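Numbered by my numbering, the letters in the sequence shown go through residues 1 to 75 in order.
No lab work stands behind these hints, which were simulated from the structure alone. Some hints could be false.
[What the hints assert, rightly or not] Below 20 Å or equal to it, Euclidean Cα-Cα: the simulated SDA-like pairs (lysine to any residue) are:
{"no.": "1", "residue 1": "LYS36", "residue 2": "ASN46"}
{"no.": "2", "residue 1": "LYS73", "residue 2": "ASP56"}
{"no.": "3", "residue 1": "LYS73", "residue 2": "SER54"}
{"no.": "4", "residue 1": "LYS36", "residue 2": "SER54"}
{"no.": "5", "residue 1": "LYS36", "residue 2": "ASN53"}
{"no.": "6", "residue 1": "LYS36", "residue 2": "ARG26"}
{"no.": "7", "residue 1": "LYS36", "residue 2": "ASN2"}
{"no.": "8", "residue 1": "LYS36", "residue 2": "LYS73"}
{"no.": "9", "residue 1": "LYS73", "residue 2": "ALA57"}
{"no.": "10", "residue 1": "LYS36", "residue 2": "LEU24"}
{"no.": "11", "residue 1": "LYS36", "residue 2": "LEU48"}
Values in this document were obtained by computation on a predicted structure and should not be read as measured data.
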Amino acid sequence: MNMKRLFTNILSRFSANSNDNYLLNRLNILEERIIKLEQENIETSNLLYELSNSIDAIDTRIDILTLQEWTQKNV
Numbered sequence: 001m002n003m004k005r006l007f008t009n010i011l012s013r014f015s016a017n018s019n020d021n022y023l024l025n026r027l028n029i030l031e032e033r034i035i036k037l038e039q040e041n042i043e044t045s046n047l048l049y050e051l052s053n054s055i056d057a058i059d060t061r062i063d064i065l066t067l068q069e070w071t072q073k074n075v
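Kindly produce the complete structure, drawing on both the sequences and the hints.
Written out as structure tokens, the structure is:
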């Protein structure tokens with residue numbers, strides 16, 4: 001379930017004039033933290049993807065250099 005929709009549903013159950021202002025404030029704080037964590041998760045996933053691609057490129061280059069060395073030495 002979409003977190004924003006979940007919080008919207010929860011918040012809609014509370015009245016702005018009720019004594020539940022503390023809960024509303026806490027829900028807002030938690031929603032902001034969740035949004036931040038989701039963004040950080042996306043950034044981390046993107047970084048891991050980039051690192052994986054870099055490692056694959058280096059591994060391929062090592063294979064090419066090794067193959068060239070073996071070919072020149074007739075191994």
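Hint check:
no.: 1; hint: LYS36 x ASN46; in the structure: holds (15 Å)
no.: 2; hint: LYS73 x ASP56; in the structure: violated (26 Å)
no.: 3; hint: LYS73 x SER54; in the structure: violated (29 Å)
no.: 4; hint: LYS36 x SER54; in the structure: violated (27 Å)
no.: 5; hint: LYS36 x ASN53; in the structure: violated (26 Å)
no.: 6; hint: LYS36 x ARG26; in the structure: holds (15 Å)
no.: 7; hint: LYS36 x ASN2; in the structure: holds (15 Å)
no.: 8; hint: LYS36 x LYS73; in the structure: violated (56 Å)
no.: 9; hint: LYS73 x ALA57; in the structure: violated (25 Å)
no.: 10; hint: LYS36 x LEU24; in the structure: holds (18 Å)
no.: 11; hint: LYS36 x LEU48; in the structure: holds (18 Å)
Of the numbered hints listed earlier, those contradicted by the structure are 2, 3, 4, 5, 8 and 9.
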